[in-house]
Amino acid sequence: MSIESHDIAHDDHHDHKPSGFLDRWLYTTNHKDIGTLYLVFSLLMFFIGGSMAMVIRAELFMPGLQLVEPEFFNQMTTMHALIMVFGAVMPAWVGFANWMIPMMIGAPDMALPRMNNWSFWILPFAFTMLLSTLFMDSGGPAAGWTLYPPLSLQGGQSFAFVVFAVHMMGISSIMGSINVIATILNMRAPGMTLLKMPLFVWTWLITAFLLIAVMPVLAGAVTMLLTDHFFGTSFFNAAGGGDPVMFQHIFWFFGHPEVYIMILPAFGVVSEIIPTFSRKPLFGYTAMVYATASIAFLSFIVWAHHMFTVGMPLTGELFFMYATMLIAVPTGVKVFNWVSTMWQGSMTFETPMLFAIGFVVLFTIGGLSGLMLAMAAADLQYHDTYFVVAHFHYVLVPGSVFALMAGAYYWLPKWTGHMYSEKWGKIHFWVSAISVNILFFPQHYLGLAGMPRRIPDYSTQFADFNMISSIGGFIFGASQLIFVGVIVHCVYKSRQVATGRVWEGAKGLEWTLSSPPPYHSFNTPPVIDSTTIAHVEEAH
Amino acid sequence: MLKRRTESGPMELTEHDDIRNRRKRAVKTAWALAIVAIMIFVAFILSGVLGT
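Here the protein sequences line up with chains A and B, keeping their order.
Residues 1 to 540 in our numbering are what the first sequence spells out, letter by letter.
Residues 1 to 52 in our numbering are what the second sequence spells out, letter by letter.
Next comes chain A alone, as it looks inside the complex (with noise of 0.2 Å):
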């Protein structure tokens, strides 16, 4: 059976869309109008969360105080972090999540869509309560996104909407991932065994399990944080008999698995693209399975090496250094495998391709600077200076931002019925590639040379660097409006209609529906063989 005549098979012509504004958008159980309502709510995010980062790096222009007091700086620093990490990049995954894994496993939708409609209307009130913060007496948390005590308990009454705030966050967040496992255990399409599914589903199933293994961890870390401030208990307060320390390491414990939360799809989407643009199966595609899951089980084991400094014996220094410096193993046969499946193909650079591209190179090298940060003896000097600033912000914008872009650009058609305007779609990757580097590359300097992070003013030998710096912030800051007129434009006012396999090399059951898919897709179940599974062998 060709692809193409799936197209029929598939559509059903009784959509049942719901007609009000609020029965489709507040009462919706339909995964593809959930999908979008995550992806939209992100980008607002995004948005929300960049202007704070336009904010500091306005303040660290120059040297000297000029724009905004210290304790405020501090809170925009700590309220870029939350926002970016929880907000922005977490539920725009978690778009992706909904659009695309009931489509790609022959799923009518997700298996749990009242959980579903919960999952996504908890967000809004929770960031609602976390922003109101900046607008209290007291302001909002300052202490950074680790909220380390005893610093986040000299907060103000404010403290505890941030508390309540990540526990929402959180909920959202294992709600989601319980719906996602449900989803690809139960109700993929009859055929569709586990080694056939898209690696983007793959990446996704790992995980929603580390999502349930360490967001009750957080939720754990912060309520006693809660009791510590307002209910006179001492788990972190020294004075009391408690152990701030060992907050740092119950952090850690959700907080370097988080990191692999937001990366593991960026893999995923990068896994898809690649292929279809290189015009050829993905090389080793087992081996990504399993280096995705070595990648989630090391991401247990590694937590201390953020606290080299604090001090611990010599063996738990080994360890977490030795661990640590093993995930580059099965991060190195992805970065391998998706360079073999290049090797040799019949490439073309869409936009999407140019992403995905971007994405590969960019993120080695923020998972390189991870390695001399993983040296116990080196990372003495390196923490918390711009060094730290430098690595993680490489790994999660030109490295998990780049692969929401490259994804949003290779399913925008698919979504919308519409194709994208290809030449501002280049552009929007030409200004972004470039000022991201500008961005965060001279960070690397500025940290090596000494300059402390979440500091508002610093010493003049630091100058040139965040000038520097700071320019490359509001290109790629201004570069992202043309992201959103590019969508506009998509959603509006493109006259170039989509087919169902948008992409020349595109395979998997995403593209044997139109573009854009009915309301309710695969009602029957599809029929699971070579022309419909995304990853396989060509027959020779």
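Since the hints were derived computationally from the structure, they do not count as laboratory data.
For glycine and all other residues, C-beta sits at the position ideal for the given N, C-alpha and C.
Take these hints with a grain of salt, some might be off.
Residues of chain A clear of chain B, computed beta-carbon distances all greater than 10 Å [to be verified]:
| id | residue |
| --- | --- |
| 1 | H16 |
| 2 | L22 |
| 3 | T36 |
| 4 | L43 |
| 5 | I48 |
| 6 | G50 |
| 7 | N179 |
| 8 | W252 |
| 9 | V361 |
| 10 | D384 |
| 11 | G417 |
| 12 | S421 |
| 13 | P456 |
| 14 | Q461 |
| 15 | D464 |
| 16 | I487 |
Below, in silico cross-link-like pairs of lysine-lysine (DSS-like), each with a Cα-Cα straight-line distance of 27 Å or less [to be verified]:
| id | chain 1 | residue 1 | chain 2 | residue 2 |
| --- | --- | --- | --- | --- |
| 17 | A | K196 | B | K28 |
| 18 | B | K24 | A | K196 |
| 19 | A | K280 | A | K196 |
| 20 | A | K493 | A | K423 |
Model the placement of chain B on the given structure of chain A, informed by the hints.
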């Protein structure tokens, strides 16, 4: 039950593949995962209670 032709021959859809049964199994999976999440939350709070 419905029979369908696939590349590896005809495949019969069983009761196991019925959408209602699959949704029932999904609800069971969800409850099991929710209990695990609650247990992890309680365990980490207890680690703080017992550790101090």
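Going through the hints against the structure:
1. H16: holds (17 Å)
2. L22: Consistent with the label, A/L22 stays out of reach of chain B, its closest Cβ about 26 Å off (over 10 Å).
3. T36: Per Cβ check, A/T36 is outside 10 Å of chain B; nearest 23 Å; holds.
4. L43: Since the minimum Cβ distance to chain B is about 28 Å, A/L43 lies beyond 10 Å and the statement holds.
5. I48: holds (28 Å)
6. G50: holds (31 Å)
7. N179: At about 7 Å from chain B, A/N179 fails to clear the 10 Å cut-off, so the statement is violated.
8. W252: holds (13 Å)
9. V361: Non-interface label stands for A/V361: nearest chain B Cβ at 37 Å, farther than 10 Å.
10. D384: For A/D384, whose nearest Cβ neighbour in chain B is about 26 Å away, the distance exceeds 10 Å, so it holds.
11. G417: holds (27 Å)
12. S421: Consistent with the label, A/S421 stays out of reach of chain B, its closest Cβ about 39 Å off (over 10 Å).
13. P456: holds (34 Å)
14. Q461: holds (43 Å)
15. D464: holds (45 Å)
16. I487: Holds: least Cβ distance 32 Å, greater than 10 Å.
17. A/K196 <-> B/K28: holds (24 Å)
18. B/K24 <-> A/K196: With a Cα-Cα distance of about 24 Å, the restraint between B/K24 and A/K196 holds, given a limit of 27 Å.
19. A/K280 <-> A/K196: With Cα atoms ~16 Å apart, A/K280 and A/K196 stay inside 27 Å; holds.
20. A/K493 <-> A/K423: holds (15 Å)
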